[in-house]
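*Asks:* If you want the building blocks of each chain, they are given just below.
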Amino acid sequence: MAQRSKYPPLLIVRTLAAWAITLLLFFPLGWLILTAFKTELQAIAVPPLLFFTPTLENFAVVQERSDYLLYAQNSFITSVASTVLGLMLAFPAAYAMAFFKGKHTKDILMWMLSTKMMPAVGALVPVYVMAQFAGLLDTRTALVIVFTLSNLPIMVWMLYSYLKEIPHEILEASRMDGATLWQEFRMVLLPLTLGGLASTGLLCLVLSWNEAFWSLNLSAAKAGTLASLIASYSSPEGLFWSKLSAASFMAIAPIVVFGWFCQKQLVQGLTFGAVK
Amino acid sequence: MAYLELQGIEKEFGDVRVIRGIDLQIRQGEFIVFVGPSGCGKSTLLRLIAGLEETSGGKLMLDGRDITDEPSSKRDLAMVFQSYALYPHMSVFENMSFALKLAKVEESVIAEKVARAAKILNLTDYLQRTPKELSGGQRQRVAIGRAIVRAPKVFLFDEPLSNLDAALRGQTRIEIAKLHRSLGATTIYVTHDQVEAMTLADRVVVLRDGKIEQVGTPLELYDRPANQFVAQFIGTPQMNVVAAKDIQAWVQQMALPVEPDGFLGLRPEHVTLCAAGQGLTNARVELVEALGAETLVYLSTAAGVQFVARQTERTSLAVGMEVGLRIDLDEAHLFDAKGRITRTGKARPTLVH
Numbered sequence: 001m002a003q004r005s006k007y008p009p010l011l012i013v014r015t016l017a018a019w020a021i022t023l024l025l026f027f028p029l030g031w032l033i034l035t036a037f038k039t040e041l042q043a044i045a046v047p048p049l050l051f052f053t054p055t056l057e058n059f060a061v062v063q064e065r066s067d068y069l070l071y072a073q074n075s076f077i078t079s080v081a082s083t084v085l086g087l088m089l090a091f092p093a094a095y096a097m098a099f100f101k102g103k104h105t106k107d108i109l110m111w112m113l114s115t116k117m118m119p120a121v122g123a124l125v126p127v128y129v130m131a132q133f134a135g136l137l138d139t140r141t142a143l144v145i146v147f148t149l150s151n152l153p154i155m156v157w158m159l160y161s162y163l164k165e166i167p168h169e170i171l172e173a174s175r176m177d178g179a180t181l182w183q184e185f186r187m188v189l190l191p192l193t194l195g196g197l198a199s200t201g202l203l204c205l206v207l208s209w210n211e212a213f214w215s216l217n218l219s220a221a222k223a224g225t226l227a228s229l230i231a232s233y234s235s236p237e238g239l240f241w242s243k244l245s246a247a248s249f250m251a252i253a254p255i256v257v258f259g260w261f262c263q264k265q266l267v268q269g270l271t272f273g274a275v276k
Numbered sequence: 277m278a279y280l281e282l283q284g285i286e287k288e289f290g291d292v293r294v295i296r297g298i299d300l301q302i303r304q305g306e307f308i309v310f311v312g313p314s315g316c317g318k319s320t321l322l323r324l325i326a327g328l329e330e331t332s333g334g335k336l337m338l339d340g341r342d343i344t345d346e347p348s349s350k351r352d353l354a355m356v357f358q359s360y361a362l363y364p365h366m367s368v369f370e371n372m373s374f375a376l377k378l379a380k381v382e383e384s385v386i387a388e389k390v391a392r393a394a395k396i397l398n399l400t401d402y403l404q405r406t407p408k409e410l411s412g413g414q415r416q417r418v419a420i421g422r423a424i425v426r427a428p429k430v431f432l433f434d435e436p437l438s439n440l441d442a443a444l445r446g447q448t449r450i451e452i453a454k455l456h457r458s459l460g461a462t463t464i465y466v467t468h469d470q471v472e473a474m475t476l477a478d479r480v481v482v483l484r485d486g487k488i489e490q491v492g493t494p495l496e497l498y499d500r501p502a503n504q505f506v507a508q509f510i511g512t513p514q515m516n517v518v519a520a521k522d523i524q525a526w527v528q529q530m531a532l533p534v535e536p537d538g539f540l541g542l543r544p545e546h547v548t549l550c551a552a553g554q555g556l557t558n559a560r561v562e563l564v565e566a567l568g569a570e571t572l573v574y575l576s577t578a579a580g581v582q583f584v585a586r587q588t589e590r591t592s593l594a595v596g597m598e599v600g601l602r603i604d605l606d607e608a609h610l611f612d613a614k615g616r617i618t619r620t621g622k623a624r625p626t627l628v629h
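If you're matching them up, the sequences are chains A and B in order. Position one of the first sequence corresponds to residue 1 (my numbering), numbered consecutively onward. Position one of the second sequence corresponds to residue 277 (my numbering), numbered consecutively onward.
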């Protein structure tokens, strides 16, 4: 190496750039957290306040005014239900496509992906009308169905890319050893794809939790998720910044904490296909 | 009575007929080798017997039972895959005991059987390791052990030595031969390596384009090939085959009963070299390969006909020298225009085992 110094200039530049970008990305979130602990007056102060006496009054107001627990419960139920349902539907599909590839498998996969390219608003009217017709407006059922269907293409793709990596000869060996299809699945396939299922499930969980468009349009008072909670603070009376921040903070806290603990699996799941 | 019988087996992938009518009878305890060039269908045939692919036609009988429509799990066959196909999430012990566990065999019996197989294959110290922690040769032995433990009706091997280096391949080949002698199990072994075929087989099945070219003991195939393809496939270096057209002088001289459009075949060991002018014809040395135990000399006659001569003595021949070719035409195999044998070389005595 030509460089003698421990910290070559290029490395310093790269480090500073990385920090700058990270701070830039983190800034909105960081400001949100700060603002949640300010009073309304402090929140709109010019120049913006960095140091202040924190207060918890916003959280109290949010909890008083709207039923946080109801919204949180709805978010939780719809996310978990859509994840479980999605996995149950996506796994057999991915299995069939990975191990029994036919002439049109590639086309089907491409078509599934293409449905994600349409903006959700394009399907809003038909979905709304169907939900209304079925009497499912403002129900968790409608949200679970819509979330599952929205996430299904991604789940099928992720599970497909995981399953593709498993050599089909291992499954053939289990068949020769006398395993029925169910035994092959339970004792050989499942242990090998547990990582993939976990990553896919986590991703779907996060996507469903953060889903705002359909939550806002298909629900009102009863089935509203935390997205609705946040939205209810952007009122015509004006923007109550600190309360809005507090509500947002309470809405994203659970999933951020959860994601923090599962970040390894999440990253693995998202980047898995990229390396091969 | 045949233990394993294939009757008119056919297999199509879409429009392509990969297996085109195979009839074969295998006796109990026989070691059968399927050999042939790439794409001849030998692995497909093995997979059809294993039940990993469905036949497009024909019948498969095992020990008197029709297993054509039975799933793999019910055929009581064990397969050793080319890539070993060990279960990565299980230890060696669990890999070897998987089939018995599925069959709900008692744990103590399982432990005993696995211990016995592990001892035969020198795997006793590795029973708790996972496949990741094993070398290629060890994984190979676990794959074989997995099959032995089940004591199936037939063992199926799909090119098991292809992924091993040359030294290990030779060693493992001998171990497989010894194993067969001690277990006496019916075995079907697929390989593209004719040395494995010659050394391991009781009988060899030579396949080409989905059809059987010849079935026989290794030496039968060597001494009495049924056609040009088998003659040139078995034996390294390849049998010298020349068109009768190119050697008309000899045909007339020796009154060889070969068709004008036919072919003459000579094994390299039946081509001897002498001083130029003293043999049947002269030839120029193109290449000398000294292998230690034997020497191969590649020659070309004035007319451009190529020959390979094999001799056990070391030679001082060099490229460019002229030598005489002495050919024992009694040893020649004669083929017709389509490559079918019309006269094999001198019958040699076969040693009875």
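Worth flagging that the hints you see were computed from the coordinates, not collected in a lab. Source: prediction; values computed, not measured. Hints are not guaranteed to be accurate.
With a cut-off of at most 30 Å between alpha-carbon atoms, the simulated DSS-like pairs for lysine-lysine come out as follows [unchecked claim]:
1. A:K101 x B:K521
2. A:K103 x B:K487
3. B:K395 x B:K335
4. A:K101 x B:K389
5. B:K614 x B:K521
6. A:K164 x B:K614
7. B:K350 x B:K395
8. B:K408 x B:K389
9. B:K377 x A:K103
One side of the interface only, derived from the structure: several residues of chain B facing chain A at Cβ under 10 Å [said to hold, decoys possible]:
10. H365
11. A379
12. V471
13. R500
From the three backbone atoms N, C-alpha and C, an ideal C-beta is built for every residue, glycine too.
*Asks:* Each hint needs a verdict: does it hold in this structure or not?
*Replies:* Each hint tested on the structure:
1. A:K101 x B:K521: violated, 51 Å
2. A:K103 x B:K487: holds, 28 Å
3. B:K395 x B:K335: violated, 38 Å
4. A:K101 x B:K389: violated, 38 Å
5. B:K614 x B:K521: Holds. K614 (chain B) to K521 (chain B) sits at ~14 Å (cutoff 30 Å).
6. A:K164 x B:K614: violated, 46 Å
7. B:K350 x B:K395: Judged against 30 Å, a Cα distance of about 28 Å means the pair holds.
8. B:K408 x B:K389: holds, 23 Å
9. B:K377 x A:K103: violated, 37 Å
10. H365: holds, 5 Å
11. A379: holds, 6 Å
12. V471: violated, 25 Å
13. R500: violated, 36 Å
The structure shown violates the earlier hints numbered 1, 3, 4, 6, 9, 12, 13.
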